[in-house]
Amino acid sequence: NSLRLHAATPGVHDLPPRRRPRGPLRRPAPRLQLSPLQPRHLRPLPRAPPAPPLPPPPPPPRPPPGRLHALLPRLLLPPPPPLPPPLPRRAASLHAFSLRLGHLHADPVLTNSILLLYLRSPHRTPASGTALRLFDEMPARTASTYNTLISHAPAGTDLRSLARRMIADGLCPDRFTVSALLSACASERDGRELHCFAVKRRMCGDGDFHVSSGFVSMYCRVSRPGLARWVFDRMQQRNVVSWTAMVGGYAENGMFEDAVKAFRAMWVVDGILPNRVALISVLSAVEGLMGLAEGKQVHGFAVRMGLYGEVSLNNALVDMYAKGGALRHARRIFDDGTWHKDVISWGSMVLGYGLHGMGTEAVALFDQMHASGVKPDSIVGLGVLSACCRAGMVLKGLEIYNSLVKDHKVHPTVEMSACVVDLLGRSGLIDHALDFIKSMSIEPGPSVWGALLDASVIHSNKETQDLACRSLLRLEEESSSNLVSVSNLHASSGRWNIVEQVRAKIKHGTLKKTPGRSWVNAAT
Numbered sequence: 001n002s003l004r005l006h007a008a009t010p011g012v013h014d015l016p017p018r019r020r021p022r023g024p025l026r027r028p029a030p031r032l033q034l035s036p037l038q039p040r041h042l043r044p045l046p047r048a049p050p051a052p053p054l055p056p057p058p059p060p061p062r063p064p065p066g067r068l069h070a071l072l073p074r075l076l077l078p079p080p081p082p083l084p085p086p087l088p089r090r091a092a093s094l095h096a097f098s099l100r101l102g103h104l105h106a107d108p109v110l111t112n113s114i115l116l117l118y119l120r121s122p123h124r125t126p127a128s129g130t131a132l133r134l135f136d137e138m139p140a141r142t143a144s145t146y147n148t149l150i151s152h153a154p155a156g157t158d159l160r161s162l163a164r165r166m167i168a169d170g171l172c173p174d175r176f177t178v179s180a181l182l183s184a185c186a187s188e189r190d191g192r193e194l195h196c197f198a199v200k201r202r203m204c205g206d207g208d209f210h211v212s213s214g215f216v217s218m219y220c221r222v223s224r225p226g227l228a229r230w231v232f233d234r235m236q237q238r239n240v241v242s243w244t245a246m247v248g249g250y251a252e253n254g255m256f257e258d259a260v261k262a263f264r265a266m267w268v269v270d271g272i273l274p275n276r277v278a279l280i281s282v283l284s285a286v287e288g289l290m291g292l293a294e295g296k297q298v299h300g301f302a303v304r305m306g307l308y309g310e311v312s313l314n315n316a317l318v319d320m321y322a323k324g325g326a327l328r329h330a331r332r333i334f335d336d337g338t339w340h341k342d343v344i345s346w347g348s349m350v351l352g353y354g355l356h357g358m359g360t361e362a363v364a365l366f367d368q369m370h371a372s373g374v375k376p377d378s379i380v381g382l383g384v385l386s387a388c389c390r391a392g393m394v395l396k397g398l399e400i401y402n403s404l405v406k407d408h409k410v411h412p413t414v415e416m417s418a419c420v421v422d423l424l425g426r427s428g429l430i431d432h433a434l435d436f437i438k439s440m441s442i443e444p445g446p447s448v449w450g451a452l453l454d455a456s457v458i459h460s461n462k463e464t465q466d467l468a469c470r471s472l473l474r475l476e477e478e479s480s481s482n483l484v485s486v487s488n489l490h491a492s493s494g495r496w497n498i499v500e501q502v503r504a505k506i507k508h509g510t511l512k513k514t515p516g517r518s519w520v521n522a523a524t
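For the sequence shown, the UniProt record's numbering assigns the number 1 to the initial residue and increments by one for each residue that follows.
Treat the hints as calculated values from the structure; they're not laboratory data. Treat the numbers as computed from the prediction; the structure is a model and nothing was measured. A couple of the hints might just be wrong.
Listed below are the simulated DMTMM-like cross-link pairs for lysine to aspartate or glutamate, each with C-alpha atoms no more than 25 Å apart in a straight line [unchecked claim]: (1) 296 with 310; (2) 406 with 431; (3) 406 with 435; (4) 375 with 415; (5) 462 with 435; (6) 396 with 336; (7) 406 with 342; (8) 323 with 377.
Input sequences plus hints: build the corresponding full structure.
See the structure below:
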């Protein structure tokens, strides 16, 4: 990289007369030579001072309190979703550079790396299409290639067809393939088929915790905890992953007492100390049992093991205490400044206040969350709106809904819309609630029509009652709760012949009312 500076530099005789040197010239002026770069040549130029930051935009005007009708026109549709981001440039640049050098199709390891780079990209929508095209254009695919695509396939990909294509290419699925396919088993039949293949290939032998634990989780996910326990009991050796899968599977299927027993057997029988995931799983079971005593034991166990302070574990503790009614203990953990709180932490505390009718505290905590710079999501919005519904804070609830949709760009869900309908309906604004339902950008669900039905029953609006009942039966014709609501509606109107037909359908059909239950833990 030689720079011919002498070609661009004028000689002495080319200088203007005023710039020529005086006296005789002993020798011609030497040409400029390029010397090696010195550190002083590489000094960066001073940067310009940064521009002053722009002033923040003024906050949107807040409606004055006491004017409910001024808030109603602001219940507009949510903003349109943003456009998908462009294809990641680095992945595309490496792909093009490798293709230009001719190394892409010659080196399977390089191709698999670029494929993985596309699949792990946060811009999944454009990158997944390029990854699938790259996979189809590969002249020779290895088992690692299939495992990469199956493990990181975009949503909606038929993994079973990829496994069949892998076998058609003469490749045999290995343990990594089976572990990745377990997430695609949506039914017991698919799980049994994959389980038989793994047993024939001796993938569930001694010491292979990963595959066997995956089958335990799969059977629990398809609501077959008995088969999961069958696989678990036939494992020659079990580790913390296996026990955690069993504890979490019991908790997911509502077998809370079995989950607590499995948690105790983990470290009493096998002598395996539970990890953070196991503690979170057993906390969900304790929450289902409403056993604060067991929850406090798990809390103390986490402190002794040095796991207290993990964000996910502390969130589970806050949620367990809040839903169990021990709001003082939940707030003590929440206010502890030794751990970093995320949006889930705030949402758990807000939901706890709303669940127990403490609407003022829930709204105050929501305002504190906004002041601390944490952006709320739809879960937090649902919690604070439900708290406003239970506390009768109509104005504040509508104001929070407008702030969530417009200021925080939260896409409203069906549950959030049901809370708004409940707020409007309980305040007697049945027509405004119906107008809000018509302006929803999403299809109103049963919870929305159920809230409208309850409000119309309270205010004796027969026309709206009939509309809500027809909409409920159209959405969930086989729902026993909807049929009971219809039966009660016709009974209040004196149409007993229709009431008898509806109740006969509930009694002689497959529909059953879920009985309530309560229990008391008596000391023995």
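Legend entry - 25 Å Cα cutoff - pair residue 406, residue 431: 23 Å, holds
Inset, instruction - Sort out whether residue 435 lies within 25 Å of residue 406, counting only the CA atoms. - result: 19 Å, holds
Inset, instruction - Could you grab the alpha-carbon distance between residue 375 and residue 415 and see if it respects the 25 Å cut-off? - result: 19 Å, holds
Legend entry - Pairwise hint evaluation, residue 377 against residue 323, where the allowed Cα distance is 25 Å at most: 20 Å, holds
Legend entry - residue 296 paired with residue 310 [C-alpha distance capped at 25 Å]: With a Cα-Cα distance of about 17 Å, the restraint between residue 296 and residue 310 holds, given a limit of 25 Å.
Legend entry - Distance restraint between residue 462 and residue 435, which requires alpha-carbon spacing of 25 Å or less: 17 Å, holds
Legend entry - Given pair status - residue 342, residue 406, alpha carbons within 25 Å: Holds: residue 406 and residue 342 sit about 22 Å apart, inside 25 Å.
Inset, instruction - Below or equal to 25 Å on CA atoms is what counts here, so check residue 396 against residue 336. - result: Judged against 25 Å, a Cα distance of about 29 Å means the pair is violated.
When held up to the earlier numbered hints, the structure conflicts with hint 6 and nothing else.
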